[in-house]
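Peer 1: Construct the entire structure; sequences and hints are all you get.
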Amino acid sequence: MLEVQDLVKQYADTRAVDGISFSVNDGEVFAFLGPNGAGKTTTVEILECLRPLTKGAAHVCGYDVTRENEVKEIKKNIGVLPQDYNALDKLTVRENIELIAEMYDKHLEVADVIKLLELEDKANTKFENLSGGLKQRVGIAAALVSDPKLVFLDEPTTGLDPRARRDVWDVLTNLKKLGKTVFLTTHYMEEAQTLADRIAIMAKGKIVAIGSPQQLIDKYGGLKILIIRKADKTLADKLEDKFEHASVDSNGDVHIKIENTDEPYQIMSFLTQIKAERDVEIQTPTLEDVFLKITGSKISEEGEAK
Amino acid sequence: MRFIAIFKAVTKNWLRSRTGLFFSIMFPIMMIFIFGSIFGGNNYVPTMTAAFIMTNGIIGLTSTNTEFKRRGIIRRLSITPLTKADWIVGCVLSQTLLNLLLTGIMIGIGWIAFSVRVTPDPLTILMIFLGSVMFSGIGMALSGALKDVEAASAIGNVISYPMMFLSGVFVPLSIMPSTLQLVSKFIPLTYFSDGLKAAIITKSTGTTLFDMGVVAALAVVFIAAGVLLTRWKEK
Chain A
1 MLEVQDLVKQ
11 YADTRAVDGI
21 SFSVNDGEVF
31 AFLGPNGAGK
41 TTTVEILECL
51 RPLTKGAAHV
61 CGYDVTRENE
71 VKEIKKNIGV
81 LPQDYNALDK
91 LTVRENIELI
101 AEMYDKHLEV
111 ADVIKLLELE
121 DKANTKFENL
131 SGGLKQRVGI
141 AAALVSDPKL
151 VFLDEPTTGL
161 DPRARRDVWD
171 VLTNLKKLGK
181 TVFLTTHYME
191 EAQTLADRIA
201 IMAKGKIVAI
211 GSPQQLIDKY
221 GGLKILIIRK
231 ADKTLADKLE
241 DKFEHASVDS
251 NGDVHIKIEN
261 TDEPYQIMSF
271 LTQIKAERDV
281 EIQTPTLEDV
291 FLKITGSKIS
301 EEGEAK
Chain B
307 MRFIAIFKAV
317 TKNWLRSRTG
327 LFFSIMFPIM
337 MIFIFGSIFG
347 GNNYVPTMTA
357 AFIMTNGIIG
367 LTSTNTEFKR
377 RGIIRRLSIT
387 PLTKADWIVG
397 CVLSQTLLNL
407 LLTGIMIGIG
417 WIAFSVRVTP
427 DPLTILMIFL
437 GSVMFSGIGM
447 ALSGALKDVE
457 AASAIGNVIS
467 YPMMFLSGVF
477 VPLSIMPSTL
487 QLVSKFIPLT
497 YFSDGLKAAI
507 ITKSTGTTLF
517 DMGVVAALAV
527 VFIAAGVLLT
537 RWKEK
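Chains A and B, in that order, are what the protein sequence lines are. Numbering follows the numbering used here, with no gaps: position 95 of the first sequence is 95. Take the position in the second sequence, starting the count at 1, then add 306; the result is the number in the numbering used here.
Hints should not be assumed to be uniformly reliable.
25 Å max Cα-Cα, derived BS3-like pairs, lysine-lysine [claimed, not checked]:
hint: 1; chain 1: B; residue 1: K541; chain 2: A; residue 2: K206
hint: 2; chain 1: B; residue 1: K541; chain 2: A; residue 2: K55
hint: 3; chain 1: A; residue 1: K298; chain 2: A; residue 2: K206
Covered stretches of chain A, going by a simulated chain B footprint (3 or more residues, C-beta under 8 Å) [claimed, not checked]:
hint: 4; stretch: 40-52
hint: 5; stretch: 72-83
Quick caveat, the hints were computed from the structure, so don't treat them as lab data. Idealized CB from N, CA, C, for every residue including glycine.
Peer 2: Structure follows, in C-alpha cells:
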C-alpha cells in the first residue's frame with residue numbers, strides 16, 4: 001500500500017526527516033509515534049503530496065509521489081485528516097462533507113458517512129458551532145467520503161479532552177473493522193497502543209524502532225515487576241536478601257523484577273511461608289517504558305520530549 | 307465542473323456570514339450616500355461602481371482567500387483531485403455574484419434617495435460581470451502568491467488606491483498632466499470604468515465593446531496568472 005525508502009527532507013539547516021525506510025501493508029493500522037518535531041507530520045505530508053521530498057523514494061498505492069501525473073492518481077486514492085483540520089465555518093457538517101465528496105468522481109453516500117461517524121444529530125449544525133472532538137469527526141468523515149484505499153490521520157486527537165479522545169478512538173476502531181488501511185500519527189502512547197497494528201517510533205527525524213506494540217514491549221519494555229505493597233522494614237530486608245532484583249521505593253513498596261515465569265509463584269509462596277501476605281500487583285511494561293528505554297525521554301501531554 | 311461545487315460552497319459561506327455581508331453592503335451604500343449628496347444625477351454611478359468592484363476584488367477577495375489559506379481550508383481541498391483553476395474560477399464567480407448583488411442594491415438606493423435613473427441593460431450587466439471577474443482574478447492571483455493576510459491586504463491597498471486616482475475615477479483625466487494620462491492607459495480600472503460609463507451614460511455601444519474586449523482579455527490573463535502563481539505545494 002505504501003513504500004518508503006531512505007526518505008530525506010532537508011530544510012536550510014535542519015534535517016526534518018533523516019533517511020527513513022518503512023512500508024505499510026494492506027488493511028493494517030500503522031502509527032508514527034513520537035514527540036513534536038520528530039518528523040512525523042513532515043513525512044506524512046510528503047506522502048500526501050503536500051511537500052516535495054529532498055532525497056529517497058516514496059510510493060503511495062503504487063504511485064510515485066515525485067511524478068506529477070502519478071500524484072493525480074494518489075490524490076484519488078487517499079483520504080486525509082490534516083493536522084489542525086478546519087472546514088468552512090458557515091457551512092453545516094453535511095455541506096462540508098458534501099463539498100469534499102464533490103471533488104471526487106466516485107464517492108460514498110454522504111448520509112452513510114455521517115451515520116458511520118455518528119454525526120446524524122449534528123448534520124445540520126454549522127461547523128463553527130462544533131466542539132473540537134466533533135470537528136475532528138467531521139474531518140474523519142471528509143477523509144472517508146471518497147472511499148479511499150488509504151486514510152491518513154495526522155494527530156487525530158491532539159488537543160481533545162479525554163472523553164472526546166475516546167469517542168474518536170471508538171470511531172477509529174470501527175474503521176479498522178471495515179478493513180481500511182490507516183496511517184496515523186500521534187504523540188499519545190495510549191492511542192498508538194489502542195489503535196495500531198504496527199508502530200514506528202520516531203525521534204529526531206529517524207525511525208528508532210518498528211513493530212507491533214507487543215513486539216516493541218517484549219523487545220524494549222524490560223522486565224515485569226511484582227510489587228508488594230506496604231512492606232515494613234523487616235519484610236523488605238527479608239525480600240531483598242532472598243530475591244536478587246528486589247528494591248524498596250519511598251512508599252515502602254517492594255519492587256521485584258521478574259526474570260522468568262516461575263518467579264511470581266516463588267515470591268508468593270515465600271510470603272505465605274513467612275506469613276506476610278500483602279497486596280501484590282504485577283506491573284507489565286508499556287509503550288511508555290519502550291519509548292523511555294529507546295529515546296531516553298518521555299513525551300508530555302502537549303507532545304514535547306522531556 | 308468542480309468549480310461549481312466550490313462556487314456554491316463559498317457563496318453559501320459568505321451569504322451566511324452576517325458581519326462580512328453587512329460590511330460588504332455598507333461600503334457601496336456609504337459610497338452612494340457620499341457621491342449622491344455631492345453630485346446628484348447619474349454621472350458618478352459608473353466610476354463609483356467600478357471603484358468598489360475593484361476594491362472588493364483586490365482587497366476583499368484577497369483577504370478572504372488568504373484567510374482560507376491560513377485556516378487550512380485550501381490545504382484540505384488541495385489534497386483532493388480539485389485543480390487550482392477550478393478553485394480560482396469558483397471563487398471568482400462567487401465574488402462576481404456578490405458584486406452584481408451589491409451593485410443592484412446600490413443602484414436601488416440611488417433610485418430611491420438620489421434620483422439615480424440607471425436601468426442596467428444586458429450590456430451593462432455583462433460589463434460589470436467581466437470587470438468583476440478581472441478584479442477578482444487579480445485578488446486570487448495576489449492571495450495565491452502571498453502567504454499572510456497582512457501582506458495581502460497591504461499590497462491590495464497599495465495597488466488599488468493609486469489605480470483609483472490614475473484612472474479618472476475621482477479626478478477627471480482631462481485635468482491631469484499628460485504623463486499621468488498616459489499612465490492611465492495601462493491601468494485595468496480605466497477600461498472598466500470607461501466601458502461602464504459608455505454603457506450607462508453615453509450609450510455608445512462601440513466604446514463599450516472596445517473596453518469590454520480589453521477587460522475580458524485582462525480577465526483571462528489575470529486568472530491564468532492566478533493559476534500559475536498559486537502554490538499549493540509547501541516547502
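Peer 1: Just pull the numbers of the violated hints for me, sorted ascending.
Peer 2: none
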